[in-house]
Amino acid sequence: MEYLAKNWVILIIMIVYVAFCLGIGQWFKKKAAENVDAFYVAKREIPGWAIALAFFSTFISTNTYIGQAGFSFQAGLSWAWVGVYWTGFCMISWLLLGPRMRSQTAKLKSVTIPDYFDYRYKSSFSKVIRIFSAVIIIFATLWYMAAIAKGCAHLLTSTLGIPYAWGAFLIIFITTLYSVMGGMYSVLWTDALQGIIMFFVAILMVMVPAMYVGGWGPLMDGIAHTTHLTAKGQPMGDGLMTFCTLVSFAYITSIGFAVGMKQIAEPRCLIRFYSVDNAKSMKFAMIATPILLGISLACVFGLGALVHGMTTDTEAAYLVKHTDQVVGFMLAKFGSPWVTGIVMAGLFAAGMSSFAAVSIIVGTAFVGDIWTLFKPMSQAKQVSSTKWLMWVYSAIIFIITLYPPAGIVELTAFSGAVFAAGFFPAVFGGLYLRWGTGKGVFWSMIIGIGTTLLWRFGLRFYLPGMKDIHEVIPGFIVSLIAYLIISKLTSGDMPDKEHLDHVFHTQES
Amino acid sequence: MDFLTGMAYWGIILLAIINAFIVFRMKVKIAGEEDEDEKKNVCSVG
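Keeping their order, the protein sequence lines are chains A and B. Residue 185 in my numbering is what sits at position 185 of the first sequence, and the numbering runs on without skipping anything. Residue 8 in my numbering is what sits at position 8 of the second sequence, and the numbering runs on without skipping anything.
Treat the hints with care, as some may be off.
Below, computed lysine-lysine pairings styled on BS3-like, alpha-carbon distance capped at 30 Å [claimed, not checked]:
| # | chain 1 | residue 1 | chain 2 | residue 2 |
| --- | --- | --- | --- | --- |
| 1 | A | Lys375 | A | Lys29 |
| 2 | A | Lys109 | B | Lys29 |
| 3 | A | Lys109 | A | Lys280 |
| 4 | B | Lys27 | A | Lys127 |
| 5 | A | Lys497 | B | Lys29 |
Stretch by stretch, here's where chain B covers chain A in the computed footprint (C-beta under 8 Å, at least three residues) [what the hints assert, rightly or not]:
| # | stretch |
| --- | --- |
| 6 | 238-245 |
| 7 | 297-311 |
Derived coverage of chain B by chain A (criterion: at least 3 residues anywhere in the stretch with Cβ under 8 Å from a Cβ of chain A; other residues may be distant) [as the list claims (entries may be wrong)]:
| # | stretch |
| --- | --- |
| 8 | 5-15 |
| 9 | 19-25 |
Because the hints were derived from the structure by calculation, they are not lab data. We treat Cβ as the ideally placed atom computed from N, Cα and C, and that holds for glycine.
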């Protein structure tokens, strides 16, 4: 009873939230089971506003609302420059990739990213590329999903006292359940709901420190000159509010690129373009997504710096070395169960939206891009196999979450670099360059991922001055150059003119 | 807050506004829309 008396507000908010997600899954259950097109891409009939929210909630995960927000406790308000990069990549993604990707994938009847490579390039290497890219998706996303489940499970433990293993089970089970029930329909519509929650939670979070100290004026005065110390024990002084005093611009740029580029390369983001219903919707989403993302990031990225206004010197000395705990500390110190409950719902929304998006991507990649190539099956069988595969994959994620390997967060960041190096040239070239070839795609993937691995494990931490240059940057540049050169050298591998005219017709007319 | 630090915050908003301006001026086309419209017309006639 004491437990319920203490946590009833948070429990009610969480139960209502989960009920909504499962309700959406149930609502679309029948429709999603109609055929592959319905389960994989929601028949390309989702309105632009929902896709904008879904893109935003899929790209942003719990790590942004806890990890990145908390890190500005150490880095100061300049940390928001990372948000500038992310918003820039969001714009690039929608302006350069969105409309063309929607058009070409509809023409080619593509329902996954690997099958787009296959149908678009029509090369002797097409099937190899399709299987290879599906394998990359399956293995690279494993760590990402486990990291999300781990973060959410820790959150349940710290706020509701639920044991870690049960927390992980609940998060994975509930998210997989509604994703399996309604396929891409429920993933997109729950993402849209989660996007709304996350947007308002970002605004609520940034207001907490100001409400605590009695307004924005006192808060900004309080952090303008502080006696708190940096992680290295130096006085912060006015560092929180002056440009790059506490963090290097090279590091900001590195994180800005490493994570921001996921929007132009990761299947969980790119697949959103497939489901937009028409040009008007596309245009709306192109405008709305950077606004949603930009405002949320502007609120979240400086949050840790603002929390200095709520802390004593002793508390700050601890938090500056444990920045992942800054948001939890802020909520505990503010002491409002309603605010905590609503923010918790936002944090779970951030985690679950990303988890669901990746879950369906893996299911469709395994069944649609590997299994069916070796054993063709009916559409009904393909949908049911995808559902089963999603459950099996979730069970594997659960086991990894129970015994997470050391450095799982680093593995997550690394997987983003693998996508940027492996997928971006193939996607961009496929959309814009008629002369891009399948051999160019294949070798750019191999060379790009190889460079990423080499930089991460062989050079970055061993060469002086290279530590702040994330592996995504050399991997991406080398991969792009490899695609361009090898495509030029293997022009015989280009698809025929009729195919290219069909693929490029709308954009060039 | 100095100019460059503040620039991150209003810069994000400025980027979103510039983006909106670019998209307003863009002609966005989606392949298959004409076909789908035709299909709908045929269905409604049929």
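Okay, the hints, checked on the actual structure:
no., hint, verdict
1, A:Lys375 <-> A:Lys29, "holds, 26 Å"
2, A:Lys109 <-> B:Lys29, "holds, 17 Å"
3, A:Lys109 <-> A:Lys280, "holds, 21 Å"
4, B:Lys27 <-> A:Lys127, "violated, 35 Å"
5, A:Lys497 <-> B:Lys29, "holds, 22 Å"
6, 238-245, "holds (count 4)"
7, 297-311, "holds (count 4)"
8, 5-15, "holds (count 7)"
9, 19-25, "holds (count 5)"
Consistency note: the structure conflicts with earlier hint 4 alone.
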